[in-house]
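Undergrad: Each chain is listed here by its residues.
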Amino acid sequence: GAGVSQSPSNKVTEKGKDVELRCDPISGHTALYWYRQSLGQGLEFLIYFQGNSAPDKSGLPSDRFSAERTGGSVSTLTIQRTQQEDSAVYLCASSFPNKNTEAFFGQGTRLTVV
Amino acid sequence: RKEVEQDPGPFNVPEGATVAFNCTYSNSASQSFFWYRQDCRKEPKLLMSVYSSGNEDGRFTAQLNRASQYISLLIRDSKLSDSATYLCVVTGPGAGSYQLTFGKGTKLSVIP
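Keeping their order, the protein sequence lines are chains A and B.
If you read the first sequence in the working numbering, its first letter stands for residue 125, the second for the next number, and so on.
If you read the second sequence in the working numbering, its first letter stands for residue 37, the second for the next number, and so on.
Derived from the structure by calculation, the hints contain no laboratory data.
Ideal Cβ placement from N, Cα and C applies to all residues, glycine included.
No false leads were slipped in.
Have a look at the derived ranges for each label pair, beta carbon to beta carbon: (1) A:Arg146 x B:Arg112: 37 to 45 Å; (2) A:Lys141 x B:Ala56: 43 to 51 Å; (3) A:Leu163 x B:Lys81: 18 to 26 Å.
In isolation and in its complexed conformation, chain B is listed as follows (with noise of 0.2 Å):
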């Protein structure tokens, strides 16, 4: 089983729709879960992180379920600039661990 699995996509989303990616990994000792944007041609950087209470920035929305070990990204009233692709990240493999596990990505489009 791979530590980080995500969709791949791509959702191809109308402007002003809402979308929701899920991401599931493998270790469960993983203290750490972030969601990174990669645009075309460029590096990845920082969406925001994931705490377990929710947390929330403007029209993104992160969850974390830790029982079954899955992370969650909501994006309302798309945008043309969110088109991107969406890297789950979490710490691990190895307990204690704060070595950075990133997925494959999944792809969103919006489309006007």
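Here chain A stands alone, though its shape is the one from the complex (with noise of 0.2 Å):
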């Protein structure tokens, strides 16, 4: 009965490493999002997911981001040749497709770049 999970929690890794973070939606939900905060600031939309449709990547902000949805359930966020601006709270989403549901979020991984 476990809500989104999101491995690992937190992750420090060097310049120019390549980083993959993991989401793990909740049973069921087809729709699965990702977002990145960084210190302070709003959600940025990165990608969504729904069902085998072909997903909406129009927030990534660059091609060293990419993300990949097996099975259509568990959601792997790759960044490659990691920058440090890419330092940021990396959070996914699930929710069921239709009108007026509940979105639920996992609680993120903090990503470091040094």
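Two chains, two frames, some hints: make the complex.
TA: Shown next as structure tokens:
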């Protein structure tokens, strides 16, 4: 009966390295979102998956960012050649794609690029 | 024009005060509207849905004005525990889309 689970909860990486962030949505939720939030800032939309439809990638800031969702469940956000400006909390949310549905967020992955 | 716009604040109000936040959205085809709350260093959580007729939940009242494309949240008798960032959320982009679009949030600080 778990909520949205994200791992790792914290990640420190060296500039230039690649990182993978994982999101396990709530079972049965076909909609999945990735956001990032820099310290003291608002949510920045990254990508949206809905079922088998083509994802909305309009929020990905550069081609270093990519995400996939395997089997309509677990999602992985990959950042290649990390930069210091990538440091932020990366939040994942999932929901049923219905009117008035509630989106449930994970607790996020805090990424620090040094 | 941003899809969902909010005044970032901060709104600093004394305990017991009434405070109101507004939010405007650009997608006239949006069908569903929400307010989420985010506490410091926590994930956002649903506060309340916003219905066309307006709705109230205790000290919180939400209103929707489709003609002007704005949503409001009124908090009466503010408590210290109301201090948080309030996020306006609408569905879209695109007609018929259930994708949720979040505003950047309005920060509220209730002071003793």
